Amino acid sequence: MAKTKLSDELGPKPFVSRFQRGAIYLLLVVGAFLSLFPFYYMFVQASQPSSEVLRFPPHLWFGSAAWSNIQGLFDNGFGRSLFNSAFIAVVYASLSVFIASLAGYAFAKFRFRGRSILFGMFLLVLMIPYHVTAVPLFQLMAKITLFGDPTWISSYQAVILPALANPFGIFLMRQSMQSLPDDLLDAARIDGASEWRVFTSVALPTMRPTLAALAIYSFMFQWNSFFWPLIIMRDKAMETLPVRINALVGLSIIDYGQLMMGTALTTLPIMMIFIAFQRQFISGALAGAVKG
Amino acid sequence: MGSQLLTPAERRHQWRRRLTPYMFLLPALLIFGIFMLYPIIASLQLSFESQLNPDSGFSIDNYRRLFGDTVFRKALINTVFLLVFQVPLQLGLAMVLAVLLNSAVLKFRTAFRLIYFLPAITALFAVALIFRLLLNDEKGLINYVLNGLGIQSIPWLTNAWPAKFSLVMAITWRWTGYNMVIYLASLQSIPTELYEAAELDGAGAWAKFWAITVPMMRPTILLTTVLSTIGTLQIFDEPYLLTRSGPSNETLSMATLLYRTAFQNAEFNYASAIAYAMVLIIAVFSLLQFRIAQRGED
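Each protein sequence line maps, in turn, to chains A and B. Just so we're aligned: 26 in my numbering is position 26 of the first sequence, and the numbers increase by one with no gaps anywhere. Basically my numbering = 1-based index in the second sequence + 1000.
In short, the hints are calculated from the structure, not lab data. All values reported here derive from a predicted model rather than from experimental measurement. All C-beta atoms in this analysis are idealised placements derived from N, C-alpha and C, irrespective of residue type, glycine included. It is possible that some hints are incorrect.
[Stated by the list, open to error] Some, not all, of what chain A presents toward chain B, calculated at C-beta under 7 Å:
id, residue
1, Ala142
2, Thr267
3, Pro269
[Stated by the list, open to error] Okay, the calculated bits of chain A under chain B, using three or more residues with CB under 8 Å as the criterion:
id, stretch
4, 22-36
5, 51-58
6, 200-209
7, 244-258
Kindly produce the complete structure, drawing on both the sequences and the hints.
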């Protein structure tokens, strides 16, 4: 697999004067402040009663309305959208990792007719803006009436299915499966393992770090996604968090305290996952930048 | 190849082996075909059908309308404006941070890296809403700070140029750390010997940066440029939520226009033409950047 780790090994070691070092630290600290401050401000405002959010001068310390903002949100159907977002993101992440590893395995470990054309097709689609698919997808969802639903508009599958065959994931899995030694797979085959067995018991377990990185990225992608759920989730009960929060912005009198609390509660889970799995996040970002 | 010599059981076995890769690909291909390939083609077809007389068959009405549409032109200009200011700013900042963080003498490098990366995990819609508050015209924190410095409040979200600049700020905040991490990884793959040799020749930090760092990182710089370009040309969440495309469409982006046309005005055919205009524009920009990068190599 290509370099997806950031080492702490020493880079070039130029002579740096004490003054220069001080200047560098100053710049880095200013940068870090700018990076963190909007988060801090979000949490501060999320804890203010609505009337206090747009006070002048603005509050810079936490207020006392955090709990009532949370309650207000839940009175506004926030609980259901929290469930919708979590359900969609978890199902999407598991399925998309599974599908991508199946496809990545085929591309990396088999020679077959049409291989490069199919792979090229997946890569080509990465270049096409996903907005292009919005109108026909919407019409398609309006037409499908499987599983007893009237249509697939405002359904979980309408959000989960379209991005399931994620070209980026397939590309990532192929890259990483290529490092898998063929001998290992052949040994299992000689021992009489079926192709499915070889995949699930030999190939997949060695891919654990990549699978984790992709799962986290898929979860985050779906959790943060706004454009498509905004289009397709027309029923209030089916709205995801970003769509629900957008509905708060659309009100004539915006409850800014609730709005910021909703934003904070949406951001918080990803931040917690980030702190727990920094390495996977970083390697995911780098995998996105690996040359084709 | 000698398959006549195989027993039926062996032949069946061979068949199954040949079929195996397709079985592994089946789920991906199915979903890809139905939910990606089909809509991509259907969208092209829709764009060549007239909205007014759907039965008239092939028609270039939508594209003709697109050429004369001043709102689309505005959206295009706005988006390209964002591109021209935002991509160099964001990538330049990312490079500066990466080079600074890469110097071995620094402490807390991991902590800085994580702090800078934090915005990259934040949802775009959340970024837009946080900045909406920070940049509030009358009561935002940024204007409060400006007032404290003796500068008059700036109508960040309701005046054309400040609104465009607000978008640039919000996007830069979101993406700089992401690109920095990519640059950092690329910096670490440059062999140290190159720098040592340059130092022996008496090269200063500035000379080393331009003579070694930039050429060695050319593929990475190209890649981040193309990715950021594609991203910016597709921008939706920030203008939709931060500035509501206003004032008077001054921050309207192509994707927000597409959304408005399709899902608020129900003009599906015209929206498809807008979508394909976006495809074309993105393709042209990406190609242009690859060309420029190639010429630089000669």
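**Q.** Unsatisfied constraints (hint numbers, rising)
**A.** Hints 1, 3, 6 not satisfied by this model.
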